[in-house]
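Protein chains: 2
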Amino acid sequence: MRTQNYSRKRQAIYELLLSTDTHPSAEWIYNSLKPQYPDLSLGTVYRNLKLLEGNGAVRSVAVVDGCERYDAKMTRHSHFVCKKCGKITDVFFTETMPDLTEKVYIDAAKDVEEYNLIFYGICTEC
Amino acid sequence: MRTQNYSRKRQAIYELLLSTDTHPSAEWIYNSLKPQYPDLSLGTVYRNLKLLEGNGAVRSVAVVDGCERYDAKMTRHSHFVCKKCGKITDVFFTETMPDLTEKVYIDAAKDVEEYNLIFYGICTEC
DNA sequence: CTAAAAAGGATAATAATTATTGATTTCCTG
DNA sequence: CAGGAAATCAATAATTATTATCCTTTTTAG
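If you're matching them up, the sequences are chains H and P in order.
Okay, so the first sequence: first residue is 7 according to the numbering used here, each after it adds one.
Okay, so the second sequence: first residue is 7 according to the numbering used here, each after it adds one.
A portion of the hints provided could be inaccurate.
Since the list gives no way to pick out one identical chain from another, each pair is judged satisfied if it fits inside one copy or across any two copies.
[Claimed, not checked] Below, simulated DSBU-like cross-link-like pairs (lysine-lysine); rule was C-alpha separation at most 35 Å, straight line: (1) Lys93 / Lys40; (2) Lys90 / Lys116; (3) Lys116 / Lys56; (4) Lys15 / Lys79; (5) Lys40 / Lys15; (6) Lys40 / Lys109.
Read the hints as simulated data drawn from the structure, not as lab findings.
Throw the hints in and build the complete structure from the sequences for me.
Here you go:
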């Protein structure tokens, strides 16, 4: 049995995601880590993102301009996507964000596990 | 100035979208219309979907398994996506679905234009 | 330390979407 | 109804994000 969860590179990918609020794409992560890990491969980033997503350590928050964007902050919150520059920012509600999955009854659903709420508009910098 | 908005094929694409509740992909639309329009091209479907989306006649409701899915029902409602089979079904709230864009203040946003709320889970048929 | 398992690098393959180009259709104007 | 400009289209090539492959390297349990 393996006791250490993550390989070095997986750890680096995860920690980078934890440390940023840019909701990056695979490519952004790759470019950010490349200096410190010169032999990093883009495929490794993709593979580990999928793997971490499977673990529930990370989630895909949006697809912007055809690119999947990730977040390691797993507390319930939503996102605002700028339609012009693609920047993604966190949206917190003044009260605790409700668990909408408990507030809906969906005929066609056997089990509602989660939801994703995304706001779109233009950011202050655009 | 052109008075008739749509070409035949564009009209057909739009009307198909209006008549179905499957939230189809470009390919599904293409396959559905092909019998009646044997010279229809897949590129035409993609082009017109983007065009209709620009018009606000249609919207992209989700990306499922890497495929953009569209809806012509423009009244405010949300969607449930089955994580297994990819089926998308409408979600209406008992009260009128609130306009959340008026309920949030987002620092980074100059203008919040719309939002998209998607529930995920397993459908009754899976 | 060693062997087995997991992970990675490099690269090829996939697949959805977009762009191109030359032909066809649409529809305003006369 | 005809001419012509603009819009649209079909066919196909190009693009691009992502995934799969395959062989090597790293990691880890014992």
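Each hint, compared with the structure:
1. Lys93 / Lys40: within (22 Å within a copy, 39 Å between copies)
2. Lys90 / Lys116: between (37 Å within a copy, 12 Å between copies)
3. Lys116 / Lys56: both (25 Å within a copy, 33 Å between copies)
4. Lys15 / Lys79: within (19 Å within a copy, 45 Å between copies)
5. Lys40 / Lys15: Classified as within; 11 Å inside a copy, 48 Å across copies.
6. Lys40 / Lys109: neither (44 Å within a copy, 41 Å between copies)
In the structure shown, a violation is registered for the earlier hint numbered 6 alone.
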